[in-house]
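Work out the full structure, taking the sequences as your base and the hints as a guide.
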Amino acid sequence: DAEITQSPRHKITETGRQVTLACHQTWNHNNMFWYRQDLGHGLRLIHYSYGVHDTNKGEVSDGYSVSRSNTEDLPLTLESAASSQTSVYFCASSETAYYGYTFGSGTRLTVV
Amino acid sequence: QQPVQSPQAVILREGEDAVINCSSSKALYSVHWYRQKHGEAPVFLMILLKGGEQKGHDKISASFNEKKQQSSLYLTASQLSYSGTYFCGTEDSGGYQKVTFGTGTKLQVIP
Chain A
1 DAEITQSPRH
11 KITETGRQVT
21 LACHQTWNHN
31 NMFWYRQDLG
41 HGLRLIHYSY
51 GVHDTNKGEV
61 SDGYSVSRSN
71 TEDLPLTLES
81 AASSQTSVYF
91 CASSETAYYG
101 YTFGSGTRLT
111 VV
Chain B
1 QQPVQSPQAV
11 ILREGEDAVI
21 NCSSSKALYS
31 VHWYRQKHGE
41 APVFLMILLK
51 GGEQKGHDKI
61 SASFNEKKQQ
71 SSLYLTASQL
81 SYSGTYFCGT
91 EDSGGYQKVT
101 FGTGTKLQVI
111 P
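Quick mapping for you: the protein sequence lines, in order, are chains A and B.
Once you know that position 14 of the first sequence is 14 in our numbering, the rest is easy, because the numbers rise by one and skip nothing.
Once you know that position 49 of the second sequence is 49 in our numbering, the rest is easy, because the numbers rise by one and skip nothing.
Source of the hints: derived by calculation from the structure; they are not laboratory data.
Take the hints with a grain of salt, since some may be wrong.
[Stated by the list, open to error] For the chain A half of the interface with chain B, some residues (derived, Cβ under 7 Å), not all of them:
| # | residue |
| --- | --- |
| 1 | Ala-2 |
| 2 | Gly-42 |
| 3 | Leu-43 |
| 4 | Tyr-48 |
| 5 | Phe-103 |
| 6 | Ser-105 |
[As the list claims (entries may be wrong)] Calculated Cβ distances over 12 Å to all of chain B for the following chain A residues:
| # | residue |
| --- | --- |
| 7 | Asp-1 |
| 8 | Ile-12 |
| 9 | Thr-15 |
| 10 | Ala-22 |
| 11 | Gln-37 |
| 12 | Arg-44 |
| 13 | His-53 |
| 14 | Asn-56 |
| 15 | Asn-70 |
| 16 | Thr-71 |
| 17 | Glu-72 |
| 18 | Pro-75 |
| 19 | Gly-104 |
| 20 | Arg-108 |
| 21 | Thr-110 |
Yeah, the Cβ is synthetic: ideal placement off N, Cα and C, and Gly gets one too.
Rendered as structure tokens:
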């Protein structure tokens, strides 16, 4: 069965370190998205991609970067982790928005 | 800008009905609705496209008024399994498949 997987599920890192969160989907979806979820803010878009080599900034992109070298993967990198980036991160994919997004199980990141 | 959802939280007894509202300051192409149970990923419920359509999903239905840039989610005869946080998501009029989510409505159904 097709799926979207995120790794790791939990991570603790230190302030200033570079961190990469993985997202891998086998749906063959062109569209992939990264959101962060914080209490009181809901889901906020960090970066998104409509296909290979395409990346776009979302509303809270400062301090984050992504790259899309193939259809299956959209890794999210925190260049220099800050305590404000402690959050739950969700990756999602879709073929078209008409069928909705499929979300991964999330990565809980704690920056200490 | 995130759409605004109301209420922020609601507690229901089994069998009662509820309405969750979502409004945007922007012209919309579509509205999505998702449900997220505690500790899990959001799950897609339905999408409504501009045109004022109403859709149903078991005893959960929704409407979309594009002129008012508002959508409402209707939960009828609520069940314990309906508990969770409901998010609306909006696509701007360009329809670029990028969804902006609201802050969520926490729904708790009690026996």
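Which hints from the list above does the structure break, by number from lowest to highest? 1, 11, 12, 14, 19 and 20
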